[in-house]
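Asker: Going down the list, the protein sequences come from chains A and B.
Mapping to numbering that gives the first Met the number 0: the first sequence position 192 is 191, numbers consecutive.
Mapping to numbering that gives the first Met the number 0: the second sequence position 183 is 182, numbers consecutive.
Hint data in this document are derived by calculation from the structure and do not stem from the laboratory.
It should be emphasised that the depicted structure is a prediction, and the values quoted were computed from it without experimental measurement.
A few of these clues could be false.
To be verified - Chain B regions said to be covered by chain A (calculated; three or more residues, Cβ under 8 Å): (1) 92-104; (2) 139-148; (3) 180-192; (4) 233-240; (5) 247-255.
As the list claims (entries may be wrong) - Okay, the calculated beta carbon distance ranges per label pair: (6) V17/A <-> P55/B: 54 to 60 Å; (7) A108/A <-> G119/B: 39 to 45 Å; (8) E123/A <-> A79/B: 50 to 56 Å; (9) R230/A <-> A79/B: 18 to 24 Å.
Positions of the beta carbon are idealized from the N, C-alpha and C atoms, including for glycine.
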Amino acid sequence: MDLYEHQARELFKEHGIVVPRAEVTDSPQRAREIARALGGRAVVKAQVKTGGRGKAGGVRLAADPAEAEEAARHILGMDIKGHTVGTVMLAEPCDIEREFYVSYVLDRASGGFLAIASAEGGTEIEEVAARRPEAVARIPVDPATGVHTATAVRIADAAGLPPQTVDTLVRLWKVLVREDALLVEVNPLVRTVEGRIVALDGKVTLDDNALFRQSRWGEERPTSDNPLEARAGAKGLNYVKLDGEVGVIGNGAGLVMSTLDVVAGCGARPANFLDIGGGASARVMADGLSVVLSDPDVKSVLVNVFGGITACDAVADGIVRALDEVRPTKPLVVRLDGNNAARGRALLDARAHPLVEQATTMDGAASRAARLATAASTAGCTGHAG
Amino acid sequence: MAIYLTQESKVLVQGMTGAEGMKHTRRMLAAGTDVVGGVNPRKAGRTVDFDDRAVPVFGSVREGIERTGADVTVVFVPPAFARAAVVEAADAGIGLAVVITEGIPVHDSVALTAHARTRGTRVIGPNCPGLITPGQSNAGIIPPDITKPGRVGLVSKSGTLTYQLMYELRDIGFSTCVGIGGDPVVGTSHIDCLTAFEEDPDTELIVLIGEIGGDAEERAAAHVRAHVTKPVVAYIAGFTAPEGRTMGHAGAIVSGSSGTARAKKEALEAAGVRVGSTPTETARHVLAVLDGAVGDGVVRGEAVREGAVRDGVVRDEAVRDGARA
């Protein structure tokens, strides 16, 4: 789960990292008052969980409270890369002498965390990293010892950061560990003309698997702004809405991803990813089918199950239940293999619903579902999509 | 022979007395696994009856090892306790810890894999289906009755894709199938398994299954190019996955331009690995290579597939059966 900048700022502040004075609001009038309290001048920043805010016009420097109100009015409601701006943060401006970059990030290759730091921070950091990789230090952190002063000194030296940043590097590691974060990033970390080290902007990604022991985020769990995803999420289903016309349901993330690809290879586009998981019950299958069938974009549905732990007769039972509950008007193609497949197929045969047909292979089932969805009689499968 | 797990393996189950642990211990025993004990400090000294076998419960992994000579543990404990369970097993000197538990915090996975490394314990998983050496032993939740012993080794991030490929190649059979898990941090990589299969005299061909996210497949491709002499056939899932969305597995996410299926496929093909566009086509590549049709295998695979899709389901099945026969 990504945090908003203002949430990251709060975490940094709690762990003793110096941050600018700031406040969040969704109201232009309130923005004027906040600017006045900050001393008149303020940086007005869109709060969205995506990069490139500045370039999109989502960050403005206001010279006085009236300008702050005007800037907030302009930025609130703005669309930045598909994210609608709901709140702005007003922060006290500071006079920057130098900008640095520091982060700790999960490194999948080594199975640990990396410290990444550069004396050339700011909005161009990605360009710096691409053009002159030697300007960006990448130092693995030993998970057994973490980052204490000695390690922080090593990171600062390697990146050419001034010794004053060592304290921030140690505190930032504490944020990562205590908050179960996968990424903590400060960009820029600045030295002001008065010589203070201040975290001007931050990004934090928390580990969804650890939310059970990070209770403060209990009510922050991301809910989708897509109604189908929200409904599936409320039923505990692993569902991602896509923009095609073949609804896809399967068991296991890998098999479902593969099914999407095979559908795409057959000239149709998948409408969704839905993994009913291992050992799914008839209820889970029926819930899943009812979500997929309620998607107006769906023209046909493909159910692809290889029963390992999952029993195919339970899946078939769920399909039969959903047929009675939802009364679909769209065709279903079902492929069942593995654990109890014969019993599952027999259940569907016995129900003999006119909109349900069975296929014996995954490729055959995908081809059939694609043909039903596209109406074009020529739908044929041709390897990898995209 | 096989890799990591044989009929000699003596298996402990941490979390055996929970619902999942009970269910799968029963299945493992039925598959011939030598399950020598469970571990639960609150139920130490009892035994649990599974059909015709009474399995003792030990108070600690160390006690289990001392009393039975166990060298493998399968971990079913809940996410909050998984780190402590693996650390305990590694400190007790277990050789292999198979972590089935899904939903372990990443910081715990980092810590438990790092700790295991210092103790010389191999971790498979977390969030994986485990591994099976058909006809010998099954450590985890892979269905044991899909296929038989044979000469194909398989390593996969995905459980159900493993089952699908085992099913497609059920008449060929497998030396060992390893589900390494789809979390961002896992104890055993594709490369570890490629190395082990390369050294295993019973493995003739290696199937590698990957998916979007990270660069494990690209690194595996570089390893194949430099160190693997046996034929490798691969399958990658997630070509249609949108950027920035987690597709089921915690690690299955395309971030910006990195972690895409296309990049993985291209890296593998550049290393001389055949990559199937569907699980079924991947199985056909395996059959073609094993039949000795290495030179024209790719072309033949294409031709078969083109023919197969023209009239759909029935023909597809016929072609596959023909290919297997």
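Asker: All the hints need checking, so say for each whether the structure fits it.
Answerer: Hints, one by one, checked against the model:
| no. | hint | result |
| --- | --- | --- |
| 1 | 92-104 | holds (count 3) |
| 2 | 139-148 | holds (count 4) |
| 3 | 180-192 | holds (count 5) |
| 4 | 233-240 | holds (count 6) |
| 5 | 247-255 | holds (count 5) |
| 6 | V17/A <-> P55/B: 54 to 60 Å | holds, 58 Å |
| 7 | A108/A <-> G119/B: 39 to 45 Å | violated, 21 Å |
| 8 | E123/A <-> A79/B: 50 to 56 Å | violated, 42 Å |
| 9 | R230/A <-> A79/B: 18 to 24 Å | violated, 29 Å |
Consistency with the previously given hints fails for numbers 7, 8 and 9, ordered from lowest to highest.
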